[in-house]
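**Q** The listed protein sequences correspond, in order, to chains R and V.
Under this note's numbering, think of the first position of the first sequence as 1454, with each following residue one higher.
Under this note's numbering, think of the first position of the second sequence as 11, with each following residue one higher.
By construction, these hints were calculated from the structure, which means they are not laboratory data.
Honestly, I wouldn't trust all of these hints.
Stated by the list, open to error - Derived DSS-like pairs (lysine-lysine); straight-line CA-CA distance at most 30 Å:
no., chain 1, residue 1, chain 2, residue 2
1, R, LYS1650, R, LYS1523
2, V, LYS386, R, LYS1688
3, R, LYS1470, V, LYS386
4, V, LYS350, V, LYS386
5, R, LYS1688, V, LYS393
6, V, LYS350, R, LYS1688
7, V, LYS129, V, LYS228
8, V, LYS104, V, LYS159
9, V, LYS349, R, LYS1688
10, V, LYS267, V, LYS333
11, V, LYS384, R, LYS1688
12, R, LYS1604, V, LYS333
13, V, LYS350, R, LYS1604
14, R, LYS1604, V, LYS349
15, V, LYS104, R, LYS1470
16, V, LYS404, R, LYS1470
17, R, LYS1479, V, LYS404
18, V, LYS384, V, LYS404
19, R, LYS1523, R, LYS1664
20, V, LYS468, V, LYS267
21, V, LYS349, V, LYS267
22, R, LYS1688, V, LYS81
23, V, LYS404, V, LYS228
24, V, LYS212, V, LYS404
25, V, LYS146, V, LYS200
26, V, LYS89, R, LYS1470
27, V, LYS267, V, LYS338
28, R, LYS1688, V, LYS404
29, V, LYS393, R, LYS1479
30, V, LYS284, R, LYS1604
31, V, LYS200, R, LYS1604
32, V, LYS228, V, LYS81
Note that the coordinates shown come from a computational prediction; the quantities given were computed from them, not determined experimentally.
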Amino acid sequence: MSTVEKKNREPMILMSKRGELLPAWKAWGIRVIAFLLSLVVSGIVIISVSGLNPAAVFATMLDGAVGTGKRIWVTIRDAMTLLCIAVGLAPAFKMRFWNIGAEGQILVGGIASAACMIYLKSLPTVVLLLLMIVVSMIAGGIWGFLPGMFKARWNTNETLFTLMMNYIAIQLTSYFVAMWENPFGSNSVGVINSQGKQGWLPNLLSPGFNKDYGWNVIIVLAVTLVMYLYMNHSKHGYEIAVIGDSENTARYAGIRVNRAYVRTIVLSGAICGLAGFVAVSGASHTISTSTAGGRGFTAIIVAWLAQFNSVVMIIFSFLLVFLQKGAQAIASAYNLSQEVSEMITGIILFFLLGSEFFVNYTVRFNGRRSNK
Amino acid sequence: MIALGAACAIKMENITKRFGKVVANDHICMELREGEILSLLGENGSGKTTLMNQLSGIYFPDEGQIYVHGKPVTIASPKDAFDNGIGMIHQHFKLVDVFTATENIVLGLEGEGSFDLKKASEKVSEICSRYGFDIKPDQKIYDMSVSQKQTVEIVKVLYRGADILILDEPTAVLTPQETDKLFDIMRAMKKDGKSLIIITHKLHEVLDVSDRVAVLRKGEYIGDVMTKDADQQSLTDMMVGHSVLLNIDRPEPVDPKPRLELRNLTVYDELGVKRLDDVSFTLNSGEILGIAGVAGSGQKELLESIAGLYPVRSGEILFHDPKSGADKNLVGMDPLDIKKAGVGMAFVPEDRLGMGLVGSMGMTGNMMLRSWRKGKSVFVDRKGPEQLANSIWKNLEVVTPSTSFPVRRMSGGNVQKVLVGREIAQDPAVLMTAYAVRGLDINTSYTIYNLLTAEKMKGVAVIYVGEDLDVLLELCDRLVVLCGGQVSGIVDARSITKEEVGLLMTQHRKEEAV
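Bound-form chain R, shown alone (with noise of 0.2 Å):
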């Protein structure tokens, strides 16, 4: 037997529970601690790997980010483009309806977003604007209503559904890039409406084009507000919410489980498309395959990390869009691959995410253990 032996084979870290919840000001102190410890361990994986001094490439980061007004802005466009998109995913996700099909609802959004500006552009800018928010919508939430009314009715497979719905969507943007080719045998549409900018989201804070997206701020906060609102105050939101946590307990509530399924994916869709439109009208101007890029899974971290807050998704969307940019001025900066300076977002994220751990739990060490 070698129970002597063990004795003094204690368990060097003891983890339970917390038994209360932790103050709201305790939990961000130690959200903030990870990420400060995040820079200090992508600062040694720096020097190991390129050999670089630490503080010089976070500067280029900060620098890549929010170095020049014109990065600001295209840092807060694109952040904006990503909160819309996560706040739109949040109450699916929160229903536990794996909406992995952002990109495609994007993707329709923006082709419904194109379309009017082709075919529509003698409108009136305003109306032209306003319908093409709707018509974007309305496409979005068709590529959602589709698999939640499959769910509701035959209980199909949410995830795979979306999913696949995405490469409907990006099939159906080919053959509209195809259609709407410009300049003939480019393989692309082009910047639509470049002459007279018909259907482009105007600046805010001064006349003309592509100085400030303020409108796509305005917009896109609007929608988070009014989804904080739903989300936290609403029938339907604490409908969403006991549906994530039991179906059971949802019929036994009398809420009409099947129903709200449909409801909140065509909403969730809806809003995607509506981030669909954003992109298009107030970014890009274009539309191609690659409008989504990636977004409609990226968005999901972002309301994932935020446990479907819609405020809190502000605060992460900026974070990731940050280390995206930054990430690439590094990249261009010091000749890195983008993979290096992805390793940087990696690991900043990993200790966001490990965060959580001692939010909820309480670790001791036992190294000091006093034996009476």
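Given chain R, work out where chain V should sit, using these hints.
**A** Frame of chain R; chain V shown alone:
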């Protein structure tokens, strides 16, 4: 504390375990003698399971020392526990449904080279025949009854060579007959030289099976008595710390009138198996109608059918509205329709967190389950539910840090108080409860019995689905006995004996006819 005569299988010295500010075990010194059955008794939250989890390696004590067979040991993981011959049978089974008994038993065992399933199967058979277990090594778990699954868990720890067994509320899921069988097995294991600890709330079981009783209260070790020197009253007093009246007040129903009438109710489950077969009975206002039956005789389906949560194939559920005097057939309605029809239906389902409550929400959010739809506004009202949560928190002495603390992280008794409190607060016309006191300590159980009786005296029609026949006979006015989805008898609870009910529970109507 040195045991006289018998040596100690386990000795715990000054075991202390804290969770945040809560001291779950406060310097506990306890021992388990070789070859005895020790009952560990205590109310909810008294620290029984925490203490045992430190023996089985799930928790590690903050302070204190454990000795196994006189040697000091460190149990830092379930594997250490097994190495020391300690095996725990948990309340919730940890089995893989699609595996056979043998496969589950050997799962996770480390072995050299290739694994010989056949040999393992023989060893399982050998253990089964030694103690009289009725499982087949090749039987799949999903084919097994609850009691057989529990047997697999027991064989699992025996297979790993445990000679100290800890059973955490093993009888909570068993019928009286299955319980007797389990106790026979426990006695056989004791005869074989094993030492056993059983955690249970049911005092008559303590008195029936154990040699010695150890009592915990609020994390402290109160003391131990030999079972032969104890009775229900003395144990309760030790456990609660003051005298508790152990009988249920049962006033005669006042002015009973038919409230709910079931006519030839028949339901099938998703697989097309008949779950309720031609069930008819009447529920009166101002009475507690008990539903007795072996687990899985259709109790769940019966209540869920009435609540509009289970599809009804044929039959009628008629609600006699006490206000308008009109009759309403509830078949085909979902819970929302029932509510809209003005039927005050309260339902405490068996699966508290899976059906009755939202685990991730606090008390307030859970109060809203019944009131969220109120009002024309698109926004929910939080103030009313918040007040209700506060009043339940205070009146039912729910232990929770705040009304926003997730109910999933509360203890079982407190979860049940939240659920029962909410359901009674809706001022229902019909109140249905399924296993309302399952897993609850004596004090909380009696709180619930009193609440139900108070509802009955208010003229509410109460259905009480229970498993403890003693309680059913003491609490209810009439009993409906279910057997295999059929009503095998409707009897007066005041005059029938426990044995007669037990007989009805296993007697099909069809057999009677033969």
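**Q** Is the Cα-Cα distance between LYS212(V) and LYS404(V) 30 Å or less?
**A** Cα-Cα ~27 Å, so holds.
**Q** Would you mind confirming whether the straight-line C-alpha gap from LYS393(V) to LYS1479(R) stays at or under 30 Å?
**A** Judged against 30 Å, a Cα distance of about 27 Å means the pair holds.
**Q** Starting from LYS1688(R), check that the Cα of LYS393(V) is at most 30 Å away, please.
**A** Within the cut-off at roughly 14 Å; holds.
**Q** Does the alpha-carbon distance linking LYS1470(R) and LYS386(V) stay inside the 30 Å limit?
**A** This hinted pair is violated, its Cα atoms lying about 40 Å apart.
**Q** Just to be careful, I want the Cα atoms of LYS1650(R) and LYS1523(R) compared with a cutoff of 30 Å; is the pair within it?
**A** Roughly 20 Å between the alpha carbons, so the hint for LYS1650(R) and LYS1523(R) holds.
**Q** Starting from LYS89(V), check that the Cα of LYS1470(R) is at most 30 Å away, please.
**A** Holds. LYS89(V) to LYS1470(R) sits at ~22 Å (cutoff 30 Å).
**Q** Does LYS1479(R) pair with LYS404(V) here, judged by a C-alpha cut-off of 30 Å?
**A** Given pair LYS1479(R), LYS404(V) holds - Cα atoms ~28 Å apart, limit 30 Å.
**Q** Would the hint linking LYS1523(R) and LYS1664(R) be met if the CA-CA limit is 30 Å?
**A** holds (7 Å)
**Q** Holds or violated: LYS468(V) and LYS267(V), Cα atoms, limit 30 Å.
**A** holds (13 Å)
**Q** If you draw a straight line from the CA of LYS104(V) to the CA of LYS159(V), is it 30 Å or shorter?
**A** Roughly 9 Å between the alpha carbons, so the hint for LYS104(V) and LYS159(V) holds.
**Q** With the threshold set at 30 Å, check whether the alpha-carbon distance from LYS146(V) to LYS200(V) stays at or below it.
**A** holds (23 Å)
**Q** Starting from LYS384(V), check that the Cα of LYS1688(R) is at most 30 Å away, please.
**A** holds (9 Å)
Of the numbered hints stated above, those contradicted by the structure are hints 3, 7, 12, 22 and 31, listed in ascending order.
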